[in-house]
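Number of protein chains: 2
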Amino acid sequence: MARVVVDVMLKPEILDPQGRAVQGALGRLGLTGVSDVRQGKQFVIDIEGDLEGDRLALMHTLAEELLSNPVIEDYSMTVLEDAQ
Amino acid sequence: MARVVVDVMLKPEILDPQGRAVQGALGRLGLTGVSDVRQGKQFVIDIEGDLEGDRLALMHTLAEELLSNPVIEDYSMTVLEDAQ
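First to last, the protein sequences are chains H and L.
Residue 37 is where the first sequence starts when you use the working numbering, and the numbers rise one by one after that.
Residue 37 is where the second sequence starts when you use the working numbering, and the numbers rise one by one after that.
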């Protein structure tokens, strides 16, 4: 059993209005010194068996093309083997 | 400079239709053996200075009450000191 965690975040050069709104709200609620907030998505995917070779390559392809929009987003993928 | 990463995920007992849709799509696109997918949000927050004491407690409160909905979501928070 493998657990794959895919984090998808807007590229740094793309404006993030949701993050900007959160930054403003944090300040209004008393948290000082917040210099930047970015909001992204996280996918936690449980997969039976090991994730190796072709399946791992396919998972990377799908993370880039299905889970994220490569024009405006970057993704990072972490594979945890032997997850519960 | 501290970087705070807050991951917000639906509680395990709450249905996740977005995750279910992703699970179906992964299967149709050829990734076999996907047993579960959960979709959540990730906030990356850059804060000036150290995050300790009252400010850390306030950050926890805001993560629970502003960034997540404690009725249906869990959050986890990681503080990275000396982030770029």
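Please keep in mind that the hints were generated in silico from the structure rather than gathered at the bench.
Beta carbons: idealized from backbone N, C-alpha and C, even for Gly.
Possibly wrong hints are sitting among the right ones.
[Unchecked claim] Negatives, chain L to chain H, calculated, CB over 12 Å: (1) Met45; (2) Asp82; (3) Pro106.
[To be verified] To give a feel for the contact side, a few chain L residues facing chain H, derived at Cβ under 8 Å: (4) Leu46; (5) Asp72; (6) Lys77; (7) Val80; (8) Ile81; (9) Glu84; (10) His96; (11) Leu98; (12) Glu100; (13) Ser112.
Hint-by-hint comparison with the structure:
1. Met45: Incorrect as stated: the minimum Cβ-Cβ distance to chain H is 7 Å, not above 12 Å.
2. Asp82: violated (4 Å)
3. Pro106: holds (16 Å)
4. Leu46: violated (10 Å)
5. Asp72: holds (4 Å)
6. Lys77: For Lys77 of chain L, the interface hint holds, since the closest Cβ of chain H sits about 6 Å away, which is under 8 Å.
7. Val80: The hint holds - Val80 of chain L has a Cβ within 8 Å of chain H, the shortest such distance being about 5 Å.
8. Ile81: holds (5 Å)
9. Glu84: Glu84 of chain L check passes; min Cβ-Cβ to chain H is 4 Å, inside 8 Å.
10. His96: With a minimum Cβ separation of about 11 Å from chain H (threshold 8 Å), the hint on His96 of chain L is violated.
11. Leu98: holds (6 Å)
12. Glu100: Violated: closest Cβ of chain H sits about 12 Å from Glu100 of chain L, beyond 8 Å.
13. Ser112: violated (10 Å)
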